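Colleague: Using the sequences plus the hints, can you model the full thing?
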Amino acid sequence: MAVVSTQPARATRGRSPDSPFGEVDSTRLPLLVTASVLGTVAALAATVLADAQTTAGLIGLLSFVVALGFPSLWRSPSETRVQLVIAVTGVLIAATVGLNEGTTRLVWLPVVIAGGLISAFFLQLLRTDGRSGLTEAMSVTITGLATISSGATLVPLASSERGARFVVLGLICLAVGALAELAGRRPKVGGRASLLVLVAGGLTGVLLADAFGFGWSTGLGLGMVLASFSHSARRIFGAVPGVREPAGQVALGVATVLLPGVLMFALGASVRL
1 MAVVSTQPAR ATRGRSPDSP FGEVDSTRLP LLVTASVLGT VAALAATVLA DAQTTAGLIG
61 LLSFVVALGF PSLWRSPSET RVQLVIAVTG VLIAATVGLN EGTTRLVWLP VVIAGGLISA
121 FFLQLLRTDG RSGLTEAMSV TITGLATISS GATLVPLASS ERGARFVVLG LICLAVGALA
181 ELAGRRPKVG GRASLLVLVA GGLTGVLLAD AFGFGWSTGL GLGMVLASFS HSARRIFGAV
241 PGVREPAGQV ALGVATVLLP GVLMFALGAS VRL
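Numbering (the numbering used here), first residue to last: 1 to 273.
Source of the hints: derived by calculation from the structure; they are not laboratory data. These figures come from a predicted structure and were not determined experimentally.
Simulated DEER-style distance windows between Cβ atoms:
id	residue 1	residue 2	range
1	31	104	34 to 44 angstroms
2	28	106	34 to 44 angstroms
3	88	195	37 to 47 angstroms
4	117	207	33 to 43 angstroms
5	129	64	20 to 30 angstroms
6	88	182	27 to 37 angstroms
Backbone N, C-alpha and C define an ideal beta-carbon position, used for all residues, glycine too.
Modeller: Rendered as structure tokens:
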């Protein structure tokens, strides 16, 4: 009588054997990721306190980091085309929000993003290798453009003194959350570090809110949202083999600081900055 192996049945209960997700324990990310987060926070805080144009310039520079690292992080097919679209569109996004003034800063942002997506599809159509991995390549491109676009929404906030203080407060909470995240490197803590990140971000916001000219409830909400969202993004995006590569680690750190930008923009609108 033939013996039937139960291995395939067990494999189907979890992730697919061919899936790259889940191969890395994202509760113990390389320290270069944390260093990248802290460095990006420091650079953004400095430029936001300077002026909106300088902030936009930094977003343009960070778009190159995202463009170079994202394909490595996800081991994207058609790597050069993906990098080209993210880099060029990222610079155009930064230029759009940096050169416009006042309430019109974000007016042309959707047009630039649409142009980037069309260019990405067009470049993929030019491939002569059968276009294998088309979905993966487009997914990485779209995620990269979304990351840069979200970071670009910080530029309008940087155009006012109160808005700049709001952004810096949020960035500090995010950085404290990234440090609290390191507790997850201990096996006994692991995924429970998410709660520590939430508490650390919220507590930091409460303690510093008055110094930045905001109420404690604003600081609490801002700190909890930014710290936990940034941490969650690292947990999700960091569970792939590409995070073992330095370029992917740096890009992951940068991206998880830029991604919460649109949340900061929305929260800023709620407190009438």
